[in-house]
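Taken in sequence, the protein lines are chains X and W.
For the record, in the first sequence the residue sitting at position 17 is 16 according to this note's numbering, with numbers rising by one throughout.
For the record, in the second sequence the residue sitting at position 295 is 302 according to this note's numbering, with numbers rising by one throughout.
Derived from the structure by calculation, the hints contain no laboratory data.
By construction, the Cβ of each residue, glycine as well, lies at the ideal position given by its N, Cα and C atoms.
Please note that the accuracy of each hint is not assured.
[Claimed, not checked] Listing some non-contacts, in silico: residues in chain W with all C-beta distances to chain X over 12 Å:
#	residue
1	Leu23
2	Leu144
3	Gly158
4	Phe197
[Stated by the list, open to error] Chain W side only, calculated, beta carbon under 8 Å to chain X, not exhaustive:
#	residue
5	Asn20
6	Gly21
7	Ile60
8	Ala64
9	Arg65
10	Gly194
11	Ser204
12	Thr210
13	Pro321
14	Lys349
[Unchecked claim] Chain X is nowhere near these chain W residues, computed Cβ spacing over 10 Å in every case:
#	residue
15	Pro56
16	Ala212
17	Leu230
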Amino acid sequence: MNRSQRILIVHCFVGSLSLLCGLNVFAQAATPAPRRIVSLAPSVTETIFALGFGNRLVGVTTYCDYPAEALKLPKIGGFMSPSLEAIVAKRPDLVIGVSSATDPVKAREMERLGLKVTLISLASLSDILNSIKGIAELLGSPDAGEKLVYKITEQFDEVKKRVAPAPRRSTLLAVGLQPLVAVGGKNFIDELITLAGGENIAGNAAQPWLNLPDEYVVAKAPQVIIEAGMGSERERSAKHWDDLKSIPAVKERRVYAYPSDKILRPGPRVGEGLEEIARLVHPECFAESKRGPNKGSGCEGSRP
Amino acid sequence: MKVLDRRRMILVNGVLLALLAFSVVGCALLGPVRLDLSQALQNIFSANPDAEILFRARLPRVLLGVAIGGGMAACGVVLQALLGNPLACPQMLGVSGGASLGGILGLILFPHWLLPIAGGLLGEISWVPLAAFLGALLSMMLVYRFSLFHGRLHPYHLLLSGVIFNSFIAAVIMFLNSIVDFYQAQGLLFWLMGSLSTRAYLTVAFIWAYIIVGFLWLWAKGLSLNLITLGEEAAMQLGVETVALQRQIFVASSLMIGAMVSVSGMIGFVGLMIPHVVRLIVGSDHRLLLPASFLAGGIFLCWADTLARVMLAPAELPVGIITAFFGGPFFLFLLYREGRRKLAL
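Pulled out of the complex, with its shape left as it was, chain W reads as follows (with noise of 0.2 Å):
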C-alpha cells in the first residue's frame, strides 16, 4: 500500500476536484441541441429557451448525475471492504431491488399521485420515489433481519440474502410488468432502466443531502475500513468494533442507496467499477479511496449522461447502457494492464 500523506491527498483529490469541475460545466453545455450561452445568461429568469435548457432540462440532471455517480462509487467502495468481495456492488444489497418493487407499486397503484412541497408553496412533485425510498426502507430491515447470525451482521449471509432477495423482487416485478397494461408496461421497463432525468431542484437537493451526510460518515471510518480489510478477527484484534462498524456501513449505505435508486432507478456498473478503477490508480487506502472514488464516480456519469442525451439524438439512451458499454471494456484493459506490470516485476 502506498504512504499516505496530506501532499497526495490534496494533490489526487485536487485534480480529481477540477476534473469534476470541468465535467460539470463541459456536460452542461453539450446536448443534442444547440445552446446559446449569452442569451441563456442575459434573462434567467425570463422564459427564455436557452436559459430553460441550461438551467432546467441540463443543470439539475448534471448535479444529479454527479451525486449518483459519487454515491455509487463511494457505496461501492465500503461495501467490497465490508463483504469482503470484489463483486460487491450497490445492487447486491437487495436494497435497490426493494426500491424498484416500491417504485413500480407506486407507478402501477397511484401513477399520478402528486406530494405537495411545504403545503404546495414549492410546487408538487410524483410520489413514485418516495414509494420507492419506502421499498427501500423495508427491503433494507429485511435484508438485515435475515443477515443476523447470532446477533451479529455477517458479511456472507448478508451477500447471499441480498442477492436472493433482489432475484426475487426481480420475479415479482416482472410478474407485475406482465399482467399491467401494455402501455404501462412500456413505461414501467423505462423506468426501471433508470434515467437521470429531472428538472426539480428539490429532489436533486434532497439527494444531495443524503449522498453528502452519507459519505462523510462513511469516510470518517476510513481507517476502520483499511482494517477490516486485513480480516475480522485481524480488525478485532487492532481495536475495530466490526460488529458496530458492520451495522453502520450497512445503514448508511443502504440509505444511500435507497435515495439513489428511488429518483434514478437502476443505473448499473458505476458501484462495481469505479472502485476498482480508483484502486488500480491510487491504491486501497480507504481515507483516499473513499473521496477519490467519489469525484471519480461524478466524473464518470456525468459524461455517461451526456453521451447518453447525444449519441442517438434526438432519442436519449438509458444511461445505463453507456455506463457498461463504455466502463466494462475501459475495466477489463485496467485489469489486463495491471496483470502485465505485476509479470513484468
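Just chain X, same shape as in the assembly (with noise of 0.2 Å):
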C-alpha cells in the first residue's frame, strides 16, 4: 500500500465517521421535544414557566410556589430530597436537577431506571442565563431561550445604567441575623450586588454562604445592610444592628429588610432581583423625576 492509498483510506474513514456524527445529529433534532417534564428545583420551575411550557410540568417540589399555578402541580417531595418513587410514577420524558442540590446518586439512580436526566448549574449569572437557554433547547424551543435571555440582559443594563453615576456602596447582605449568615463569594447574589452598583463586604470569601462574626461587620463598615429572605422585618433588622453605631449603614439609617425571596433564587427573576437590590443600594438612582427616569442627572448628589 502506497502513501497516497493510505491517504484515501483514512479520508474514507473520517467521511464515514462524519457522515455517522451527522446522522445522528439529524436523528437527536428528529427525537420529539419532552412533553413530561419533572423539575427538581423551584429556579428550574420558574424558569419552565417563563418560556411557556409550564403546562408540561407533570411534577415539582414541595418548594416551587412562583407562579401561582406551580403551587396546583404534583409534588415529588422536597428540593433536596425529592422522591424517586414519585418521579417515576409520573412517566417523565425529562427530569431536570440542580448540579449542586440533586443527590447525584439519585440521579444515577433515574438514569438506570431509563429516565432521561439533566442536571444544570446554576453557581454564576452567567450559569444561569446559560441554563435558561439550555433548558429552552431542551425543550426544543430555543428561540423561547434566546428571548428570556435578552429580556434579563435588558434588565441588567437598565440597572447599569441607571447606577453608573454613583459611586458604589459596601453592603452586606444576609438572609440571618442569629447567627449572621451572609451572602460570600462565588455566588451570584455577590455579582448581583456588584451589578447594583453596592460591593459585597464578604465577597472575598471562599464560601458562597458564610456565618460573619459581628465583629467581621464593624471593621467592615458596610454603607448598606440588607436582610433578605422570608419574614424579614425592617424595624428588627434596623433594631438588630442598632447598638453598632460606627456602622455606616446604621447612622445613615440604610438597614433594610426585603421580605421576598426573588433575588435569593437563581432563576428567570434575576433582573428584577438585581433591580431590588439596586433599589435598596442606590435609591437615589430610582427617584423618578418628572423629566423621565433620573435623565442625565447624576444620582450621586440627589438623596431622597
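Using the supplied hints, reconstruct the complex from the two chains, each of which is provided in its own coordinate frame.
Structure (C-alpha cells):
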C-alpha cells in the first residue's frame, strides 16, 4: 500500500465517521421535544414557566411556589430530598435538577431506570443565563430561551445604566441575623450586588454563604445592610444593628429588610431581583423625576 | 487519691484563675480583624469602630464562652459522679434536647418576637432563648418523672431515659427541619450547631448568674460527691442522703444546662472531656475537681471560640467543630499516656 492509498483510506474512514455524526445529529433533532417534565428545583420550575412551557410540567418540588400555577402541580418531594418513586410514577420524559442540590446517586438511579436526567449548574449569573438557554433547547424551542435571556440582559443593562453615575456602596447582604449568615463570594447574589452598584463586604470569602462574626461587619463598615429572606422586617433588622453605631449603614439608616426570596433564586426573575437590590443600594438612582427616569441628573447628589 | 490540703487547693485554682484571666484578655484582643487597642480605650462610649469591636462584638462573647465552658465542665463532673458513668455529659440528660426543640419551635413559630427588658428600657432581646429554656424545664420534668423508680431517682434509668428522650427529640427536630422553608432550614441548622455569638451583656449576665449559683451549690456537695463515687450503698452507710443528693444534683445541673443550651446551642465535648482531663491532672477529689474543671472549661472554650472566629476568617466556624477537633485527639493522647504510666508502675 503506497502513501496515497493510505491517505485515501483514512479520508474514507473520517468521511464515514462524519457522515455517521451527521446522521446522529439528524436523529436527535427528530426526537420529539419532551412533554412530561419533572423539575427538581424552584428555579427550574420558574424557568420552564417563564419559557411558556408550564403545561408540560408533571411534577415539581414542595418548594416550587412561583408562579402561582406551580402550587397546583403534583409534588415529588423536597428540593434536597425528592422521592424517586414519585418521580418515576409521573413517567417523565425529562427530569431537570440542579447540580449543587440534586443527589448524584439519585440522578444515576433515575438514569438506570431509563429516565432522561439533566443537571444544570446555577452557581453564577452566566450559569443562570446559560441554563435558561439550555432548558429552552431541551424543550425544542431555543428561540424562547434567547428571547428570555435577552429580556433579562436588558433588565441588567437598565439597572447598570441607572447606577453607573453613583459611587459604589459597600454592602452586607444577610439571610439570617442570629447567627449572621451572609452572601459570600462565588455566589450569583455577590455578582448581583456588584451590578447593583454595591460591593459585597464578604465578596472575598471562598464560601458562597458564610457565618460572619459581628466584629468583621464593624471592621468592614458597610454603607448598606440588607436582610433578605421571607419574614424579614425592617424595624427588627434595624434594631439588631442598633448598638453598632459606627457602621455607616446604621448611622445613615440604610438598614433594609427585603421580605421576599425573589433575589435569592437563581431563576428567570434574576433581573427583577437585581433591580430590587439596586433600589436598596442606590435608592437615589431610582427617584423618578418628571422628565423621565433620572435623565442625566447623576444620582450621587440627590439623596431622597 | 491525692491528699487535698489548702495549699494544693490554692495553688491549682490560683494557676488556673491566672490562666483564665490571661485567656479572657488574650481572646478579647485576638480576632479576624485588627484592633487598635489605644483607639478602643480612648472613646469607649462614642461610635468608634475599635471600641465597638472590643466591647460590643468580642467581650460579651468571650465572657459568655467562659461561663458556658465552665458550666458545661462542672455539670460534666457532677453527672459523671452521679451516674457513675465516665461517658456521662451534659448532652446526655435529655435537657439539652428539650432546650433545642423549644428553641427550634420558637424560631419556626414566632421568629420575630422580641422580649422587652424592664419594659423596653434596657432594650429588647430575641425570645428564642426563653423558648429554649422553657423546653429545657419541660423536658427536665419529663425525664425526672420517667427516671423515678420506687420513689427515687435511679441513675441507670436517668441515663437511659435521657438518651432515649434526646434521640426522640432529635427525630422531631429533623422532622421539623424537613418541613420548613429551605432558607429557614439553613438557619435552624446554624442555630443547632451552636454559637457563642452575642452582643447582649444582659444575656451574659443572666447566664453567669445561673452558672455561679448552680456551681456554688454543686461545689458545696463536693464531699458527698466523693462518697457517692464509692457506690450508692457505701455513700448511704457513710451518712450521705443519696436520694436527696441525686435529686438536687439533677435539678441543679438541668437548670444550668437548660440555661446554657438556650443561649449557645449544643456545644459538645467540653462537658465530656474537660472533667476527664482535669481528673487526670488534679485527681478525683470533687472539692478540687469541680472548681478546677470549671476554670479549665472556661479557658478551653474561650480559646476554641477564638479559633472558630479566626481559622477560616472571615467565615466563622461553629465552635463545636473546634472543641471536638482539638479536644478529641488531646484527650486520647492523655488517655494513652495515663495507660502507659500505669503499665510502667
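Going through the numbered hints above, which ones does this structure break? Give me the numbers in ascending order. 4, 5, 6, 12, 14, 15
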